[in-house]
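Asker: Take the two lone chains, each set in its own frame, and fit them into one complex as the hints suggest.
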Amino acid sequence: MDLFQFLQYPFMQRALIAGMFLGILLAGLGIFVTLRKMAFFGEGIAHASLAGIAIAILTGFSPLPVAIVWAILLALLIFILEQKTKLPIDTVIGIFFTSAMALGVILMNFTSGYQPELLSFLFGSILSVSVIDLWIIAILTILILTWLIASRRQLTFLSLSEEQAIVSGIPVRFQTAVLYVALSIATVLGVKILGIILVSALIIIPPAISRLHAKSFRAHMILAVLFSEIIIVFGLALSFFYDLPSGATIVLVGAFIFLISFIFSNK
Amino acid sequence: MIQVKNLSVVFGNQTILSHVSFDVNHGEIAAIIGPNGSGKTTLIRAVLGLIPSDGEVLIDNEPPSHVRSHVGYVPQRFRFDPNFPITVREYLDLPKPHVHKHEHAHKLKEVGLEASILHKPLGSLSGGQLQRVLIAQATIHHPSLLILDEPSTGIDIVGEEQFYDLLKEQRDQHGTTVVLVSHDIAVISNVVDQVICVNKKLVCFGPPKQALTQEKLSELYGKTDTSLYFHHRHY
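These protein sequences, in sequence, are chains A and B. Counted the way the numbering used here counts, the first sequence spans residues 229 to 495. Counted the way the numbering used here counts, the second sequence spans residues 1001 to 1235.
These are computed hints drawn from the structure, not numbers from a lab. Remember, predicted model here, so these are calculated numbers, not experimental data. Every residue gets a Cβ at the ideal spot worked out from N, C-alpha and C, and that includes glycine. Each hint can be trusted.
Calculated cross-link-like contacts (lysine to aspartate or glutamate; reagent style EDC-like; alpha-carbon spacing at most 16 Å):
hint, chain 1, residue 1, chain 2, residue 2
1, A, K443, B, E1090
2, A, K314, A, E390
3, A, K443, B, D1081
4, B, K1168, B, E1110
5, B, K1109, B, E1161
6, A, K265, B, D1081
7, B, K1201, B, E1219
8, B, K1109, B, E1169
If you want the footprint, here are the derived chain B segments under chain A, 3+ residues with CB under 8 Å:
hint, region
9, 1062-1071
10, 1076-1082
Chain B with its partners taken away, still in its complex shape (with noise of 0.2 Å):
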């Protein structure tokens, strides 16, 4: 599904990343991990091709520029105006519209929210509400893969048990291949089929069993007590 081979991303003098090789295949959800400023969101921008980088990306074995409408994309900041005047069913049919109405309000439930919302003003909506938002827009049609910028920032416990359970309703009734930032390694490692862990370079990648080594981890966030990672929540 997705194939990055030697991808390095510069800006200026400063390496943003350098030589990151991995594979994520057709149906499988991949996290990606590492410290603030190690480059994730660069990662991502960089597999959807929105900035210029070095190296091969294929997604379906075409650049990313060439399948953008196969792709769900929620990013890590959405900053707008809250005075604007759209209505949530407005933002849902921005990409394409004719969405019929029982899609919306069934879409709404599976992120966790009511129908009702619709007609809301999208400015009106809570912080956690609109990443709701933001996600249900993203999959509303369906995409073959979907990438989430830190996607459960702004949301609860619960909401985000709810949230994972969603990813994996993607995965396994659409075949969504999904990828996403996360900082949470607990609650991933027991979600996903791979980690990507960057640090300006690859640090490590595979099922997170195997890759999450206390090795690893230390290499990762230049710490050694690896439980400090994980909170002992199991979904």
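So that you can see chain A by itself, here it is in the shape it has in the complex (with noise of 0.2 Å):
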């Protein structure tokens, strides 16, 4: 069996490639996800993007742009209604996930035959990558990591701290709602290869991870990513070698790096 052969595949060098923006992409956000508790956060963002896939079936657009549209338009309500409600976020959440998901069910039942689209949305495909989509996912990632290199050190501030945040002028405010719409459309991209149910598992194990290693910020970074970088090329080889369905796999291989650093580790 020849290691690289998966590689003469343009599919699947598309997903690889694709695969490895989002495996920094998801990593980098997902230090600021498990510091401020927000696992639920990518959840429900992922399974609310059904309703924006389902719009896209219906009426015929591409489901990727639409999907990442409607991800950002949940962003800023969750937003909102956190600032003007004071609930917790994960209650906020909750509530616009399974309404959200319901629509996408509801609009579902109107569409007739069999949908592969959906399908790939749900649990993921190597297959589903078109180079438009590529180039969808490398532009946002690197405009999302432009911005999330720049403004690390205020979001572990904020995170930590958001009254010595306010106080030393950082925009906390802005910066949380960008954290909250560059989290959706992250979570979106991601759905293209690791599906709805599974997308979040790339936000929080690689930083998990990290986390059992790391005893500086600046190395959680590098770990979290480089973890995420692991995780993403084996799974998505072993689901080529083996054809598991891609998303599947390639969680199983962060809980399995999972596992055995929680082992090896002394935290």
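Answerer: Next comes the structure, spelled out in structure tokens:
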């Protein structure tokens, strides 16, 4: 078995490049998701994106751009509602996540026949990454990462102590809103390969593994991205060679590395 | 420096502070005192513009939100996940990066810490060390106004003396105005220029020797024996 055989196929090359972009993006954002204890956010946005995908299928538009716009709107609504009502964020997300998913199920009811797009969004598919999807993933990843790298200290400070961050002049509300929007975009992009059901795993697992080893924030960021890339490359390769669903294989590789790290770490 | 006029804070049907007015001048150290639940922390948060309030607060003749980059703030509670991997140096750099290594070391020395802790995880510090790091971070960029909510909590008596020396140094060398919440009347009366006594409203205000009369302390704490408040420590 040629280990690099899978790289000869264009669909696999696209999946791997998309996966490597997503690996950096989801792990980078995941650090702040785990720090802020908002792991439910990725889960909620991913499930809520079903309604966006259903709208796209019903109207004949490309699912990815419609799902991205839908997720951005939801992220902003969650942010506004969180600010206005002072409800805990997991409660706000819970309301939107279930409502939007229910809307998606109702809308899907109006589509007729077999929907391969829908299945690939639910469980992820390495066959589903088109050249246009790859460009969208690459451009949005570069934009979000540029903001993330520039804002990493501000995001850390406001996540550790919001009041101190406000007093030190950091635009806390703006940066929080951008974080929510960035996270919603990244989640929808990740749905292409990992699927709605499993995408949030790549936001949580690499930063969780990294925290078992890192002693500084810099090391935490580098290790999270490194583990994320290892998980994606091994996961995609295994899913190709053993004809397994890509999302589930990637998540199980991540869970296995977490388990090994947990056993051998002293935290 | 700070002008507070008729400041009131109401949460729901509950009045936390009612018509509080005072001024703190440039380069003064002022202490807010009062019993538990008297509104001291609320007063600080209202002065910083962190909570909605009625009345007027001006810092250098500007609303608090306009001058935040010149303010250092140490909150009463800093709750964070001690397992989050961040070193002391990384934490000191969060508000504004690109501080030279020797400045970190100098600032840590000022608050009574060794430079060797710069590379230690923040979560591995003791309560007293963490409190000193918070103060170091709040003062590293020499703010014109420093606000501290019960800053000596967790610091031992020797450290407390060092801490008040640090406040005086900030005032004398950098012209920093300092406002702090404190319970230790005996100590602050020898250190501060002004006391602001609150118990839902302003009970007394002025230089400690004039403001802290037995009558006012009784009104503030509801007790008559003022020796209870003074522990014969002088800095």
